[in-house]
Amino acid sequence: MKNRTTFSLVSTMLIILCGWPRGISRPERSGPPVLSRSDAPQAAESRFGIDYVFPLQSFYQKEKWPRRFSRTGAGWVNFAQVSWSAIEPNPPRGGRHRYNWAGLDRSVRLWQKYGFRITVSLRLGNGWFAGPIEYRPGGMEFRNSDRLPAEEYMDDYRAWIAALVERYDDDGQDDMPGLRAPVLHYQVGNEYANPVFWTGTLDDYRILLEETVSAARSASADVHIISNGIRWNDLFHNDPDAQLFEERFAAFLESLPSDVWREAWQRARAMTELTVALAYLYDILDAGGNGPYETASAGYMAWVQKELAKHGLTTTIWDMEARSEPRLTFNPLVHFHPELVIPDGQRILQAMKNPADPLHDEAVAWYRAEQSRVLVKVFVTRFAAGFEKVFMGMPNDWDKMLARFTVANPFIGLTDSDGDPWPAFYALALLVDKLDGFAQAEKIEADPGVELYRFLFADGRPPVWVAWLWEDEVRGMNDPLPAREVRLPIRGPVTMYTIPTSGDHYRTVPLDGSPSGLAVELTPEPVLFQER
-8 MKNRTTFSLV
2 STMLIILCGW
12 PRGISRPERS
22 GPPVLSRSDA
32 PQAAESRFGI
42 DYVFPLQSFY
52 QKEKWPRRFS
62 RTGAGWVNFA
72 QVSWSAIEPN
82 PPRGGRHRYN
92 WAGLDRSVRL
102 WQKYGFRITV
112 SLRLGNGWFA
122 GPIEYRPGGM
132 EFRNSDRLPA
142 EEYMDDYRAW
152 IAALVERYDD
162 DGQDDMPGLR
172 APVLHYQVGN
182 EYANPVFWTG
192 TLDDYRILLE
202 ETVSAARSAS
212 ADVHIISNGI
222 RWNDLFHNDP
232 DAQLFEERFA
242 AFLESLPSDV
252 WREAWQRARA
262 MTELTVALAY
272 LYDILDAGGN
282 GPYETASAGY
292 MAWVQKELAK
302 HGLTTTIWDM
312 EARSEPRLTF
322 NPLVHFHPEL
332 VIPDGQRILQ
342 AMKNPADPLH
352 DEAVAWYRAE
362 QSRVLVKVFV
372 TRFAAGFEKV
382 FMGMPNDWDK
392 MLARFTVANP
402 FIGLTDSDGD
412 PWPAFYALAL
422 LVDKLDGFAQ
432 AEKIEADPGV
442 ELYRFLFADG
452 RPPVWVAWLW
462 EDEVRGMNDP
472 LPAREVRLPI
482 RGPVTMYTIP
492 TSGDHYRTVP
502 LDGSPSGLAV
512 ELTPEPVLFQ
522 ER
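Numbering-wise, the sequence shown is residues -8 to 523 according to the numbering used here.
It should be emphasised that the hints constitute simulated quantities derived from the structure, not laboratory data.
Where hints are given, some of them may not hold.
Straight-line C-alpha distance at most 25 Å; calculated SDA-like pairs for lysine to any residue [what the hints assert, rightly or not]:
(1) K391 - D409
(2) K55 - G494
(3) K301 - W256
(4) K344 - K391
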């Protein structure tokens, strides 16, 4: 299954995978920030998306999922693990292909009914067409991995891609009945630096990209091809210019327990760098896989831009798998910065898993408030770094799914396992309401220890600012939010919006302006300021 919960290369090889302004005492309380589709920007122009929807699984073919997530106002959804082997489980007979479109059709209809534009993350699977496994790290063989189809089946691969694009391109020819809008964005593979997903050679991926682009564009000249997702987790923490990459990567390799691990990571790096270097073949680079690490957003983008510049390339860059779960666990084989893990994270996780634990309710409340804060910081820093669109995963927790056995922390959703929203869901809705459609996002210089960002709009809407207090150390569950009075370079007047951290409500507070700036008390909990 599509699994990007840690740097999944190693996790799978292990078989585990802000405050109030001064003088304000009675802020106005607002209702849940639920958008209607007419209030939001056109879906195709939306900067926000939802990741990790599996359209071929009956669990995600229930109408409650698109209905609920349409309330966030996000315009995009990524369909994960759409594999050739699932759509065409048997080889053609007499030259005739028999595609099983039923599940994908149902999901396309459902999500389009609620106004979403769709990206499709393509996989191959270990089907009748599979070529030989070319890479076996440490002698392990991942038989369900993708690899280049056998040479005698490449014509069938081209036919599959062309048929897929033709069915959903909305050109009036061989289209899915009931199609409301074209589906034109296709991702070629999922995190192929990970051998559980790709056991072909590095050059085989170039061939796969070339064949996919050619076949897709034979069906529609308007199609957009997206690279497989690259990921570096927390590597670029506090390294906004990516100056420490070589030093950190070398130290990480040295810390690994064996040459098998070192070789695997070196190959992962080579595949990641190759993916960037192939930007001349695709339209969008998926520089996702940066997880919930808002402190790594700028450095990650800086590294990507340096890699593109080596080859004289530019491309559109999306993050198709941002994350928002607080960092409760650490794995030295996949993470670079143990200091980012929350103190007593394992104890918090244990309490969340056990409703009878005396700390259960407190742990859940703290965790979900923190998740909301992380989500806002991740979106804001990604946009300011230059990511054009950002997709947030996961839609729901995995604690009641078989997938819980593949992750250390299954509480990774914007909703619980039944689809009931957590505060982060409503924080996303607030961000979409206030930020979607922005023309420019930028980090603004402010007092030391203050994170300040400004969003500008080309349609006449007033600027929106987002601010929070930088934290030098990671807080535990029992640690209070630090607070500090600051003066922001915002002349006002503004309306301040808090973010939902308990339930579905947020607060709005009108504030007068001042030539000397806006005096407020900030905490690490982000607040939004909309100019009036």
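A quick look at each hint next to the structure:
Between K391 and D409, the direct Cα distance comes to roughly 9 Å. Compliance with the 25 Å bound is thereby established for this hinted pair. Only pairs whose Cα atoms come within 25 Å are accepted, and K55 paired with G494 is accepted, the gap being roughly 19 Å. Among the hinted pairs, K301 with W256 is consistent with the structure: their alpha-carbon atoms are about 21 Å apart, no more than 25 Å. In summary, the hint linking K344 to K391 is supported, as the alpha carbons are separated by about 11 Å, within the 25 Å threshold.
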